[in-house]
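Asks: One-letter residues, chain by chain:
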Amino acid sequence: MASHAEGQEPVTLPQLLLRNAEQRPLAVALREKEYGIWQPITWRQYGERVQAFALGLRRMGLRAGDKVAILGDNRPEWLIAELAAQSIGAVSMGVYQDSVAEEVRYLVDWADARVLVVEDQEQVDKVLEIRAGLPKVERVVYYEPRGLRSYRHELLMPFEAVEELGREGDAAGNTREHAEAVAATRLDDVAIFSTTSGTTGKPKLAMLTHRNLVTMGHSLQQVDPMEPEDDLLSMLPLAWIGEQMTAVSCALLVGFAVNFPERPETVQDNLREIGPQVMFSPPRIWENLVSQVQVRIEDSTWLKRRVFEWSLRAGFELADARRHSRGPSRSLRARQRLAEWLCFLWLRDQLGLRRLRCAYTGGAALGPDVFRFFHALGVNLKQIYGQTEVSGISVVQRDGDVQYHTVGVPLPGTDLRIADDGEILARSPAVFVGYYRNEEATAEALHDGWLHSGDAGYLEEDGHLVVVDRKQDVMTLHDGTRFSPQFLENKLKFSQHVREAVVFGGGAYPFVSALVTIDFGNVGKWAEKRQIAYTTFTDLSQQRSVCELIGAHVERINQDLPAAARIQRFLLLHKELDADDAELTRTRKVRRQAIAGRYRELVEGLYDPQRDSVAIENEITYQDGTKAVLRTDVRIVVVSGPRRNDA
Amino acid sequence: MMRSPPSTLQEPAIATPRPDGAAPPLLEVTGLSLRFGGVQALDDVSLTVGRGNIFAIIGPNGAGKTSLLNSLSGLYRPQSGSIRYHAHDGNDPVDLLRLRPHRIARLGIARSFQNIELFRHMTVLDNLMLGRHVHMRGGVLSCAFYWGAQQREEIAHRRAVEGVIDFLEIEALRHRPVGTLAYGLQKRVELARALALEPRLLLLDEPMAGMNAEEKEDMARFVLDIHEERGVTVVLIEHDMGVVMDLSNRIAVLDFGRVIAEGPPEEVARDPDVIAAYLGQPHG
Numbered sequence: 001m002a003s004h005a006e007g008q009e010p011v012t013l014p015q016l017l018l019r020n021a022e023q024r025p026l027a028v029a030l031r032e033k034e035y036g037i038w039q040p041i042t043w044r045q046y047g048e049r050v051q052a053f054a055l056g057l058r059r060m061g062l063r064a065g066d067k068v069a070i071l072g073d074n075r076p077e078w079l080i081a082e083l084a085a086q087s088i089g090a091v092s093m094g095v096y097q098d099s100v101a102e103e104v105r106y107l108v109d110w111a112d113a114r115v116l117v118v119e120d121q122e123q124v125d126k127v128l129e130i131r132a133g134l135p136k137v138e139r140v141v142y143y144e145p146r147g148l149r150s151y152r153h154e155l156l157m158p159f160e161a162v163e164e165l166g167r168e169g170d171a172a173g174n175t176r177e178h179a180e181a182v183a184a185t186r187l188d189d190v191a192i193f194s195t196t197s198g199t200t201g202k203p204k205l206a207m208l209t210h211r212n213l214v215t216m217g218h219s220l221q222q223v224d225p226m227e228p229e230d231d232l233l234s235m236l237p238l239a240w241i242g243e244q245m246t247a248v249s250c251a252l253l254v255g256f257a258v259n260f261p262e263r264p265e266t267v268q269d270n271l272r273e274i275g276p277q278v279m280f281s282p283p284r285i286w287e288n289l290v291s292q293v294q295v296r297i298e299d300s301t302w303l304k305r306r307v308f309e310w311s312l313r314a315g316f317e318l319a320d321a322r323r324h325s326r327g328p329s330r331s332l333r334a335r336q337r338l339a340e341w342l343c344f345l346w347l348r349d350q351l352g353l354r355r356l357r358c359a360y361t362g363g364a365a366l367g368p369d370v371f372r373f374f375h376a377l378g379v380n381l382k383q384i385y386g387q388t389e390v391s392g393i394s395v396v397q398r399d400g401d402v403q404y405h406t407v408g409v410p411l412p413g414t415d416l417r418i419a420d421d422g423e424i425l426a427r428s429p430a431v432f433v434g435y436y437r438n439e440e441a442t443a444e445a446l447h448d449g450w451l452h453s454g455d456a457g458y459l460e461e462d463g464h465l466v467v468v469d470r471k472q473d474v475m476t477l478h479d480g481t482r483f484s485p486q487f488l489e490n491k492l493k494f495s496q497h498v499r500e501a502v503v504f505g506g507g508a509y510p511f512v513s514a515l516v517t518i519d520f521g522n523v524g525k526w527a528e529k530r531q532i533a534y535t536t537f538t539d540l541s542q543q544r545s546v547c548e549l550i551g552a553h554v555e556r557i558n559q560d561l562p563a564a565a566r567i568q569r570f571l572l573l574h575k576e577l578d579a580d581d582a583e584l585t586r587t588r589k590v591r592r593q594a595i596a597g598r599y600r601e602l603v604e605g606l607y608d609p610q611r612d613s614v615a616i617e618n619e620i621t622y623q624d625g626t627k628a629v630l631r632t633d634v635r636i637v638v639v640s641g642p643r644r645n646d647a
Numbered sequence: 001m002m003r004s005p006p007s008t009l010q011e012p013a014i015a016t017p018r019p020d021g022a023a024p025p026l027l028e029v030t031g032l033s034l035r036f037g038g039v040q041a042l043d044d045v046s047l048t049v050g051r052g053n054i055f056a057i058i059g060p061n062g063a064g065k066t067s068l069l070n071s072l073s074g075l076y077r078p079q080s081g082s083i084r085y086h087a088h089d090g091n092d093p094v095d096l097l098r099l100r101p102h103r104i105a106r107l108g109i110a111r112s113f114q115n116i117e118l119f120r121h122m123t124v125l126d127n128l129m130l131g132r133h134v135h136m137r138g139g140v141l142s143c144a145f146y147w148g149a150q151q152r153e154e155i156a157h158r159r160a161v162e163g164v165i166d167f168l169e170i171e172a173l174r175h176r177p178v179g180t181l182a183y184g185l186q187k188r189v190e191l192a193r194a195l196a197l198e199p200r201l202l203l204l205d206e207p208m209a210g211m212n213a214e215e216k217e218d219m220a221r222f223v224l225d226i227h228e229e230r231g232v233t234v235v236l237i238e239h240d241m242g243v244v245m246d247l248s249n250r251i252a253v254l255d256f257g258r259v260i261a262e263g264p265p266e267e268v269a270r271d272p273d274v275i276a277a278y279l280g281q282p283h284g
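Line by line, the protein sequences are chains A and B.
The end of the first sequence is residue 647 by the numbering used here, with every number in the run present.
The end of the second sequence is residue 284 by the numbering used here, with every number in the run present.
These aren't lab readings, by the way, just hints derived from the structure by calculation.
In this text the structure is predicted, and so the values were computed from the model without any measurement.
Mixed in with the good hints, there may be bad ones.
Cross-link-like lysine to aspartate or glutamate pairs, in silico, EDC-like; alpha carbons within 20 angstroms at most [stated by the list, open to error]:
1) Lys33/A x Glu267/B
2) Lys627/A x Glu217/B
3) Lys33/A x Glu162/B
4) Lys126/A x Glu171/B
5) Lys126/A x Glu217/B
6) Lys216/B x Asp448/A
7) Lys126/A x Glu215/B
8) Lys126/A x Asp225/B
9) Lys33/A x Glu171/B
10) Lys126/A x Asp218/B
11) Lys216/B x Asp125/A
Make the full structure from the sequences, and use the hints.
Replies: Printed below as a string of structure tokens:
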């Protein structure tokens, strides 16, 4: 058992909610923006709505051990449905809201869900379309009734109707019934099914117990204590374990407020309005912030640009000095203070990061350049490492001990070990109990309580963990060194003109090459400024000048790389990578195998020295269902530079 | 066992129209004729728009569709005929031909324009607030001091506008100047401006012109939602036949200023006159 804060007895998530509603009934638990104004929901109201929904579910016939699937954008109702299910001993499972119909069908059916809670008309339509494939679903509950007025399907039921059902009868009796149900929940009951990201095939359902989730929250609190007065902006899918970790486990444990963005498009504005103290995002979000700053600075006036550049230099120097545990000189400190006043304070304010105390990135590796950028800006960004199977987090960097190449040291109560083949193994009370209906995968992942992560890595002498890459992705270059494609991809992605990159090399490939997708918005802007005419993404990506732009970036990267790891040829993909085409996971990680398979001709072209372009055909399906074949010549760019004078 | 949900679905504010169009009409146009010099834009046009209908006006270019809409909203003054609007149940109908456009707006008739007519340098929010101008009561003095009643009025209007913003999902655009928005979004703001007036009758002039398939789908969904959730009667001009057939429950076809067919979509689509007007007369 891991130690818990101040010897507190750990309790289940719905028990934590009851505790908060009792101890701090009038404090803000959730906030939602309605009619342009942030509307608070107190802990007492949160508790009452969970009680109503939970009793409603019971009266619909749901019992302990049943499953409730939830599909929708982040809203109070999402959390209410989750905690209500857990209150009656049922299991909640989040489904990514942008999943296509077939993914939803597979997950909901595999989980044996009896009730499906969805957001709006779009999701209802999606579910009704796959109705035949969901024989076990008895009720579809929706919480945004807009456009559903004329729907008369016997499965459908509005969210308020379930709550109404739970409020029927004697109020005191209802409260007692709910309290008894919550008291009966056990720490070792399964609380949620969390879908694994599936970089390697069909998603699996990891079963996480209350003990797993609460322990993880406690351990994180010991490293970075959060305050009840803190705010969190819940902007990432609640189906993701990272969001479960912050918006559910930590929020219930600590009692801070969870704020929901008005719409997915308003996240940037909402971030600034809320000014959260806590933020956990995958690298994608941080990378986007960097490109945003870079682009906006480029668009600003000469003076502002010069001030920014000067400030950033001071910031970089200070960040580097701190990282090498050197005390900064007095003049550097003075410069940094001036930079803070002239630039960083305002920049952080614009980005909504001004009050940020705990900023984490996890889910995939974040390039060191992005790290250095945020630390220069004065944002205490820290890497965490973990996976769905350890409730999200097992290793975290400590304040003042941030090394860009490591992911930090284990959480209290977590044992870490490197297997003989280099695989990272973890053991803690937060390790999951298995995959639902998949013994084979469970047996592969769990041995004597040790979780086999599938990641390759090593421990440094000071106990810091270094994650190299997915075990199966690590490549052995022609000179025998082992190399991580992710490392190169992150370097490529640091440019605001690059959105995604997939690097090939090692094994059968004689040299390293890359498949790059441009950032349409930023490259488009760049092209407009230079009066380069283009029509579509495809057209823009194949412009000679764009190839040269990216080529120059690749050359710069190559200068810092060992000879064997240098990128010798690359191409700009004619389309963006898309989760709907199974090229990215729902958490926007690149699915290397899928891409290598789908674009085999392109990859072969990269390794055929005779060719300078590859003709590619791809079939696209229009919105109205008609299909068309598009033909494109994709250029292959040969990178010039210092690759001949290698050692 | 699952229990059946209690019936919380309310009936729409306005009864869904019966297919025979027997609902008391909202708008009756009779013998409307409009000439510009020697050009006969509208020639003895008569039609009836039932309460709660989505009524589409279609026809080839230059058939007089926009002229008809402009006559309804008071922009044009037809030389003869009448447009009777039943503003309130039971009351006598009002003849719109006698009224100036701002009076017509006050009766609950709003419109959107084919070419976006918004203040490009003002924010979306300000444009929408302006859309509520007909409902504003404050004078120069009370607005200058702003206390009390005036402040309450402003808040009530802002609330109504926020309702429209939420309805059309343009929260992210609130404070953006209209001129900086993409065309499809400007069209949506144009619709929002018309909705801010809280109309009973909404006149839409080609709400989907120049949009891509996805934007059209969104817009069609909004029009349906407006009709269903807000109980608004809609008269729209549209060229996309797919949209017209899906959305409307009655269609009038204009050709050279005359109504050549009127009825439910299936009927109109089969009408030989309509086919001839669109495809030309068969030779021989």
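Asks: Does each hint hold? Answer for all of them.
Replies: Here's how the hints hold up against the structure:
{"no.": "1", "hint": "Lys33/A x Glu267/B", "verdict": "violated (46 angstroms)"}
{"no.": "2", "hint": "Lys627/A x Glu217/B", "verdict": "holds (19 angstroms)"}
{"no.": "3", "hint": "Lys33/A x Glu162/B", "verdict": "holds (11 angstroms)"}
{"no.": "4", "hint": "Lys126/A x Glu171/B", "verdict": "violated (25 angstroms)"}
{"no.": "5", "hint": "Lys126/A x Glu217/B", "verdict": "holds (16 angstroms)"}
{"no.": "6", "hint": "Lys216/B x Asp448/A", "verdict": "violated (57 angstroms)"}
{"no.": "7", "hint": "Lys126/A x Glu215/B", "verdict": "holds (19 angstroms)"}
{"no.": "8", "hint": "Lys126/A x Asp225/B", "verdict": "holds (18 angstroms)"}
{"no.": "9", "hint": "Lys33/A x Glu171/B", "verdict": "holds (10 angstroms)"}
{"no.": "10", "hint": "Lys126/A x Asp218/B", "verdict": "holds (16 angstroms)"}
{"no.": "11", "hint": "Lys216/B x Asp125/A", "verdict": "holds (18 angstroms)"}
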